[in-house]
Amino acid sequence: MGFEEKLAECMSIDGAIAVALVDGASGMALATGGNPRNLDLNLAAAGSANVLKAKQAMIRDLALKDEIEDILITLTSQFHLIRPVTDASGQGLAVYLVLDKAKGNLAMARFKLSKIEKDLKV
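In this note's numbering, the protein residues as written are 70 to 191.
Keep in mind that a hint or two might mislead.
[Stated by the list, open to error] Listed below are the simulated BS3-like cross-link pairs for lysine-lysine, each with C-alpha atoms no more than 25 Å apart in a straight line:
| id | residue 1 | residue 2 |
| --- | --- | --- |
| 1 | K170 | K124 |
| 2 | K181 | K124 |
| 3 | K187 | K124 |
| 4 | K122 | K181 |
| 5 | K134 | K124 |
| 6 | K190 | K122 |
| 7 | K187 | K122 |
| 8 | K172 | K190 |
| 9 | K134 | K187 |
| 10 | K122 | K184 |
| 11 | K122 | K134 |
| 12 | K170 | K184 |
| 13 | K134 | K184 |
| 14 | K181 | K170 |
| 15 | K184 | K124 |
The set of hints was computed from the structure by calculation and includes no laboratory data.
Working from the sequences, and respecting the hints, build out all of it.
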């Protein structure tokens, strides 16, 4: 299954507002889904790449022998999840998912996103 289908799967998660497949190096959204109001998804994708790079640098600086599963940013009305792609075909990419906090279930969204990401082939 290609990444377009996987992004559509992400949008089927309860409360999903928007999703992007992000190039971690450039911050460019390679593909997007959803119809976010009042959210520039390309700008948000670039920001999520910056957050991911900063956290990865901190892990390297601390010489931690660990990997990022996902990064959660909690806003007043939304959850923003950043999940690095683990498949070798998608190294350097991340899935960025925006959820409506009132409609989404964070634990279930993280579980579903982890399953979707693991099967993502680019």
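Output the indices of the hints that this structure fails to meet, ascending. Hint check: 8 fails alone, others pass.
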